[in-house]
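S.K.: Sequence:
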Amino acid sequence: ACLLYGVGSLGPTWQLHEIMASRGTEAFGDVGSWPVLVICLLAAFFVGAASGFGGGSLKPTSRVEGLEFISWRDIDKLPEAEQSRVLVTDCTRPGARWCLTHHRQSRPLPEGLRGDASTDIMLNALLARHESVLPPTKQVSCNHYDVDGFCAVFAALRPAAALRHEALLRATAMIGDFREMDLDDPEGNHALKLCCWLNALEKRDFWRPFGKNELDAQASVHDQDKWGLFTRPEVLDAFEAMLEDPEAPDVENNAGKVDWHPEHERVCLDAALVRAARQGGGAGGGAGGGAGGGAGLVRGFEDVGLVVVGPLERPVHYYPLFGATIGYDVLLSM
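Sequential numbering of the sequence shown, starting at 43, is according to my numbering.
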């Protein structure tokens, strides 16, 4: 196994197939060619062994190519065999070979791929070069739009950029889906800026996050139409620039020109209010962190998984409000 895996890894480098093709089978009778062959095979064996075959985890040996996005509705237009090869993320689909999602499904994911958010799972698959992100898989899809789903799709479309910013994407997905954030951490603040940029873009062209168009009876169906915006190359380019530096001038291209600063400023102010309420009750933790016990304005009841927030002096943004639930299952806001 080590030898075969190593040959697959070194084949393009050592060009074993070219040696065989150029010299033919009779070449192996030539004494001069045997040392070259032996050296190549030994190198292949040790590469295979070092890659963890037979006990460890597979290490990446080449760059994973990005997939193409296909809308949920268009999957049904594919032949049945091709439908099963579409990679599904942040949701499930009957007949799909792989659903990289944190949602419950009948076939559990391999333990090495599992994560809290679907973005975690997609990044784990890319790091492991799991079969789900390798040929014959060519397309990826999701049946709804949200921050976690977008980050997972982005990682599938642009894996090189995603892996350069792996930790940042994971933090962004956790804020988007679970409101778990630590604004004392510069990376946590960067992740919040990404969420606010995505929210502003969604509100500009559709409606506010988790909202709906009250005049559209099919608003939930049309939620899928958001992917037509968020998978445009210029939007993906803008998001990639945001990953590098959210304040960079080149972020403000035509697709990504939105003002995300007001929401970011409000979240930071409200997170400070929640933190002050928590510290007043004698509980520790960073901005947006867990509750803790005590008789303050953020009180946790671990036996029932409940955290009570308030009464606060004003309503607060849902990011810092739900950020207080880290380690709990239920929030009661007063």
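By construction, these hints were calculated from the structure, which means they are not laboratory data. Some hints could be false.
[Unchecked claim] 20 angstroms max Cα-Cα, derived SDA-like pairs, lysine to any residue:
no., residue 1, residue 2
1, Lys268, Asp301
2, Lys245, Lys180
3, Lys235, Ala203
4, Lys180, Arg127
5, Lys180, Ala202
6, Lys119, Glu107
7, Lys180, Gln125
8, Lys180, Lys235
9, Lys235, Leu210
10, Lys235, His303
11, Lys299, Glu276
12, Lys245, Pro177
13, Lys268, Glu173
14, Lys235, Glu107
15, Lys268, Asn185
16, Lys235, Glu307
17, Lys119, Asn185
18, Lys119, Ala314
19, Lys235, Tyr187
20, Lys245, His186
21, Lys268, Glu124
22, Lys119, Leu210
23, Lys180, Ala283
24, Lys268, Trp114
25, Lys235, Arg206
26, Lys268, Phe252
27, Lys180, Trp114
28, Lys235, Ala290
29, Lys299, Ala314
30, Lys180, Glu124
31, Lys245, Phe272
32, Lys235, Glu305
33, Lys180, Glu107
34, Lys180, Ser113
35, Lys299, Gly270
36, Lys299, Ala283
37, Lys268, Asp116
38, Lys235, Val300
Here the structure is a predicted model, which is why all the values come from computation and not from measurement.
S.K.: Take the C-alpha atoms of Lys245 and Phe272, compute the straight-line distance between them, and say whether it is at most 20 angstroms.
M.R.: Judged against 20 angstroms, a Cα distance of about 12 angstroms means the pair holds.
S.K.: Taking 20 angstroms as the top limit, are the C-alpha atoms of Lys245 and Lys180 close enough?
M.R.: Roughly 30 angstroms between the alpha carbons, so the hint for Lys245 and Lys180 is violated.
S.K.: Between Lys180 and Ser113, does the CA-CA distance stay at or below 20 angstroms?
M.R.: holds, 13 angstroms
S.K.: For Lys245 and His186, compute the direct alpha-carbon distance and say whether it is at most 20 angstroms.
M.R.: holds, 16 angstroms
S.K.: What's the verdict on Lys119 and Asn185, does the C-alpha distance respect the 20 angstroms limit or exceed it?
M.R.: holds, 15 angstroms
S.K.: Decide if the proposed pair is consistent with the structure: Lys180 and Ala283, CA atoms, cutoff 20 angstroms inclusive.
M.R.: Outside the cut-off at roughly 25 angstroms; violated.
S.K.: For the pair we were handed, Lys235 and Arg206, check the Cα-Cα distance against 20 angstroms.
M.R.: holds, 18 angstroms
S.K.: Are the Cα positions of Lys235 and Glu107 separated by 20 angstroms at most?
M.R.: violated, 28 angstroms
S.K.: Compare the distance between the alpha carbons of Lys268 and Glu173 with 20 angstroms, and conclude whether the hinted pair is satisfied.
M.R.: violated, 28 angstroms
S.K.: When you check the alpha-carbon spacing of Lys299 and Gly270, does it fall within 20 angstroms?
M.R.: holds, 17 angstroms
S.K.: Are the Cα positions of Lys235 and Ala203 separated by 20 angstroms at most?
M.R.: holds, 18 angstroms
S.K.: Taken at face value, is the distance from the CA of Lys235 to the CA of Lys180 at most 20 angstroms?
M.R.: Distance ~31 angstroms between Lys180 and Lys235 Cα, so the pair is violated.
Checked against the numbered hints listed earlier, the structure breaks hints 2, 6, 8, 12, 13, 14, 18, 21, 22, 23 and 29; every other hint is satisfied.
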